[in-house]
Every structure is written in C-alpha cells, then in structure tokens.
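**Q** Model the full structure from these sequences, guided by the hints.
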Amino acid sequence: MTDRQWIWIAAACYLAGVVIGTIALARHRNQPASAIYAVVGAGFLLQTVGLYLRGLEVGGCPLGNTFELFQFTGWSATALYLVVGLTFRLSLLGYFTSLLSLMVTTISLAVPAWDVTRRVGVFGGNVWIEFHAAIALFSYGVFALLALTSIMFLLRNYSLKHKQLSGFFTFLPAIRELDHISVRLLTVGVVLLSASLLVGAAHWIRAFDTVNLAKLLITVAIWVAYGAALALRRKGALHGTRLSWICIWLFIAALVSVYPVNSSRNSDKIVPLAAHIEP
Amino acid sequence: MSETEPTLFVVGATHHTTPLEWRERLAVGPDKMAKVRDRLAALPGLQEFAVLNTCNRVEFYGVATEVITIEHLRASFCEIQNIDLEAFRALELCKTGCDAITHLTAVSAGLESQLIGENEIFGQVKTAYAEAQAGRSIGPVLHKVFQKTFQTAKQVRTQTAIAEGQVSIANVAVELATTIFGDLRDARVLLAGAGEIGEQAAKAFRSRGTTDLTVTSRTMGRAMSLAGQLDARAMPFEQLPHHIADFDVVVCATTAPGSILTRTVLTNAMRARPAAPLFLIDLALPRDIDPAAADIANVYLYNLDDLAKISAENRAARVAEVTKARDLIIAKSTLLWDALRRSGGRRN
Chain A
0 MTDRQWIWIA AACYLAGVVI GTIALARHRN QPASAIYAVV GAGFLLQTVG LYLRGLEVGG
60 CPLGNTFELF QFTGWSATAL YLVVGLTFRL SLLGYFTSLL SLMVTTISLA VPAWDVTRRV
120 GVFGGNVWIE FHAAIALFSY GVFALLALTS IMFLLRNYSL KHKQLSGFFT FLPAIRELDH
180 ISVRLLTVGV VLLSASLLVG AAHWIRAFDT VNLAKLLITV AIWVAYGAAL ALRRKGALHG
240 TRLSWICIWL FIAALVSVYP VNSSRNSDKI VPLAAHIEP
Chain B
0 MSETEPTLFV VGATHHTTPL EWRERLAVGP DKMAKVRDRL AALPGLQEFA VLNTCNRVEF
60 YGVATEVITI EHLRASFCEI QNIDLEAFRA LELCKTGCDA ITHLTAVSAG LESQLIGENE
120 IFGQVKTAYA EAQAGRSIGP VLHKVFQKTF QTAKQVRTQT AIAEGQVSIA NVAVELATTI
180 FGDLRDARVL LAGAGEIGEQ AAKAFRSRGT TDLTVTSRTM GRAMSLAGQL DARAMPFEQL
240 PHHIADFDVV VCATTAPGSI LTRTVLTNAM RARPAAPLFL IDLALPRDID PAAADIANVY
300 LYNLDDLAKI SAENRAARVA EVTKARDLII AKSTLLWDAL RRSGGRRN
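Residue numbers (numbering that gives the first Met the number 0), protein chains in the order written: chain A, 0 to 278; chain B, 0 to 347.
I should point out that these hints are in silico values taken from the structure, not numbers from a laboratory.
Among the clues, some could well be false.
Have a look at the derived ranges for each label pair, beta carbon to beta carbon [as the list claims (entries may be wrong)]:
| hint | chain 1 | residue 1 | chain 2 | residue 2 | range |
| --- | --- | --- | --- | --- | --- |
| 1 | B | Thr322 | A | Glu56 | 55 to 61 Å |
| 2 | B | Ser224 | A | Leu81 | 48 to 54 Å |
| 3 | B | Arg221 | A | His27 | 41 to 47 Å |
| 4 | B | Pro18 | A | Gly166 | 35 to 41 Å |
| 5 | B | Gln228 | A | Asn29 | 33 to 39 Å |
Positions of the beta carbon are idealized from the N, C-alpha and C atoms, including for glycine.
**A** In structure tokens form, the structure reads like this:
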C-alpha cells in the first residue's frame, strides 16, 4: 500500500468519528467519547503509518509540499487531542477533532496538484532546520485545536447569552473549562512556535542569505500575533469572545499562509512525485 | 382471576386519584406502621407483602393465595386508619399479575410521580423493600419482582431522557451554573436575600459541592441566621456593590422595590475580573438586577422567567419520553411475569 492509501484509510476513520458523533447528536444522546476516541486514535495511527512511509521515501520529515504540510498539521492536532482528550474529557472535542482531521486530510488528498511534486533538500541536510520546521508545524496543530476550542467557546457563549440550552448546546462543555483549555493551548502553541523560531534563528544568523524572506516574515507575523494574544490574555485585556474570534482567524491565516510559504521556496529543488497519486 | 391460585397484587391509593386531604388520612404514620405490618402478617393467605408509604402514595404489594385475602387486607387497613371501606375502594388502585409488576416499575422509574422522572421515589421503593426484608414479610416472588424492578428502573433512567434536565427553579439555576463553571466546588456563591427561594437555591448549590457560600440581606440578623443554617458567611448588605467581583455566582432574591445591582455596578465589578465569568440569578420580583447587565461581556444573567421557561422545557422533554419508557417497562414486566409463571407459579 502507498502512503496516500494509508492516509485515505485514516480519513475513513475520522469520517467514522464524525458519523458516530453526528448520530449521537441527532438522537440527543451524550457523545460516545470512548468510541470517538478509539476511531480518532485508529485514524491517527494509520496517518502516522502513511507519513512514516512518506518520510522513509523522502529521507526526512515529510514537509516538502502543501499536501505534506497539511497532513503534518492535521496529524499534530490529532496527536494533541489524543493527549488533551484523555486529560480534560471535554465533551464534543473528539467530535470536532474528527471533523477537523477529516477536512484537513481529505482536502489535501483531494487536491492532486498539492502532491504532484515536492521539494527536496529543503532543510539542506541540517537536522536542526528539520527540527525547527517540525516544531513549527506541530505548533500549528496546537493552534488548530485552539481554533476548535474557540469555536466551542463561541457556541457555548451564544447558548448562554441567548438562553438556548437544549439540543446540540446541551453537550457543550462549561464555558470556564473551555477558557482554561484555550489559554493552555495558546500558551503551549506560542512556546512551541517560539522554540521553533529560536532553533531556526540559530541557523539564519549564520547563513542569512539562505533565508526565505517571505516565509520568515509570515512565520514571525503569526508568532507575533499569537504572542500578543497570549500577553493580552494574561493581562486580562483580551478574553472571552474576542480572544476566541482572534484565535480562529489567526489559525485560518496560518493555514492559508502554508501554500504561499511553500510556493515561495526555491523552485530549483522541486522533484516530481507522480507515483504517489492514485489513478 | 382464579379463586384459589396465588396472586401477585398491588392495592393502594396514589396522588393520581386521591386528593391531598384523603392522602393525609391514608398515610401510615411511623407509630402505626408496626401495627399495620403485624395485622398484615397475621392475615391468612397473605404469603408475602411490602408496604410503600410516601407522601403521594400508600401501596401494598403482596402475594395472596386467595382473592379474598386482598379484601381482608383492605378491611384491615381501613380499620386501622379509621377510614370507610367503600370510600377507600372508590379511590383505590388495584392491579394484579403483570400489571402489578408494570406499576411497581413505573413507580420506581418516576413515571407515576408528580414530578415525572424524579429520583427520590427510587430510594423510597428501595426502603420499602429493605423494610419488608427486615420484617421477613418478603418471599421469593416479591424478592425477584423488586430486584428486577430496580434493574429496569435504572435502565429506564439511562436509556430514556425521563430523568434528564432539572425541573425545580433552584436546581435549574444550579444546572446552569455547571454549564458556566463545570465543577462547582470552587465556585464562590453569594446569596442576596434570606427568603425561601434564595435558601432553596443556596441549598441546591451546597448539594452540588459548593463550599464558599456567603449570605447577605437587608436585615443583617436574617442574613446571620440563614448563614448559620447554611454554614455560610454573612455579609452586610451595604457592602454588596463593592464585593460583587469576589463572587462567581450571585443569587438575588430580595424584596427590594428596585434594582440593587445596576449595570454600572456590574460593569465596574467586571473590570476587576474581566476574564472570569459572572453568573447572575435574579429570583426576585420586582427584579433585583438591571436587565441591561446581560449585555456585559462574560456576564450571564437569568431571571425567574428564564429559569421557569427552562424548567417547563425540561418537564415537556420528560413527558415526551414517557411513552418510550412505558414501552420498555411493559416489555421487561412481561418477560418477568412469564418467567414467574414458568418457574412455579404465581398467577393472575
């Protein structure tokens, strides 16, 4: 089986999580948290196999084209859910994670152009640069989960403000729990992205001429924005619905920036990957 | 019904057919319960019995060798309670065989309660069973019936939404607080007003684990008295506007003629705790809290009408589940009844 086929099966697992969650919601039943956790976990393992195979083939972390970047981000968010879901047991988080993982996985699989070619030697054989890229993408996974908890916060706030507490809203977690988990995710994401930039900076200082300026500016802009959001939240100047909206829009911006960042890299290192595309 | 075969039955009176003044006369006081048990134990042909005695029902479950035994039970009970037998007969509930099992299960599951789905009755049925066991008035048939009934009642509660959603105003308020704070153990609750509804709300918070409770009232003596009852702190009423920020939940139930918490007061309070949610419950009429406070970020304001609406929705949701619950109970009761008949023979 090819790496993409493994990932297609992973997507089927995420779809199963969405279906199980939707059925429970339609029947006004509590989310079968264990079942959703199990299928998301299975999807994660299959996606890991797919990414591992791709990694073996390309001889490093698979971050060489838009498909791989999307996959790695989705995989990171799922990995984090598997930890957070066990610790915090937030109702509906599993359902939302399955939905996000399904979307990220399926969309990147469904756009063949994103995986026709990939860049080689992106990291110049430097493991620290590879590490920097992996942490950066992992922080995007954290921000993906943060966007989900922010959506849940907005929905819970809407339900409480408009006194709509039945149906779907019954299953949302408490608003204070959502705020706590969001702040922790924001902190973890900023710490990871900072660590990534620090590792990257150690390389850039030595060889600034190799730095892709567009990529650097976009990454730093995202880091500054998330860092400012965290600082303002800690000071109490940014909170509640405003913070939630900002976290959602920042993640969309981060996700949208993946494509131009990837495209702005040097094109002389591109190699075809036609073997990976299903007929 | 055969005249000679053992019969499983229930005889009694419930709130469905018996007015309150009659239920008061029918209720067996603790002083009389022993006498009732002794008389029933001495009844010829009554092999097993259990008495369910609550404020809404007096029911005798039993296994009788003859139909006439049920008539003797009626007469004995009416004699002890000094009630006219014919009047009791006009009010009574009498079911036998599978219908008796179905009734006991429906009662245990809260389907026959005034507040559909309430859980207290389940404990009361368990107590009735335990008392019958202690008095050795229960045998293999009632033992099996009660045990299976408990199983089915639990299934009804888990497989249907009959017990979902709170219905009392105080519990609706507490349930809402959990949707804001989750665990209420570390929630700081302030009760403004020492009236009955506020007290109920405070007790409901206590029952959900809240430990930090403060009471304030326009009459400091009443605040201190209620604080003593609730094991809470008392706070002078004048300090209320200055200390709102110290609390997560504020329950207002005073008889003040106008707002005691204005939008300005609450806006200032939220400046001290901008990221922490504040849950305001206004149980007063006229309202204690300025309705405009609902617009403040992180403030969630609910008044009596809001809580009553949620309570009504929850009641309606429970009623909508009754048919589903009854279907489950009838199916389980029929299975149990068939098993009892096969195993030896208690018949209708």
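**Q** Take the hints in turn and mark each one as holding or not.
**A** Comparing the hints with the structure gives:
Separated by about 60 Å at the C-beta atoms, threonine 322(B) and glutamate 56(A) satisfy the suggested range of 55 to 61 Å. About 53 Å separates the C-beta atoms of serine 224(B) and leucine 81(A), a value consistent with the hinted range of 48 to 54 Å. With their beta carbons about 43 Å apart, arginine 221(B) and histidine 27(A) fall inside the hinted range of 41 to 47 Å. Under the hint 35 to 41 Å, the C-beta atoms of proline 18(B) and glycine 166(A), about 39 Å apart, fit the expected range.
Range check, glutamine 228(B) to asparagine 29(A): Cβ separation about 36 Å, and the 33 to 39 Å hint holds.
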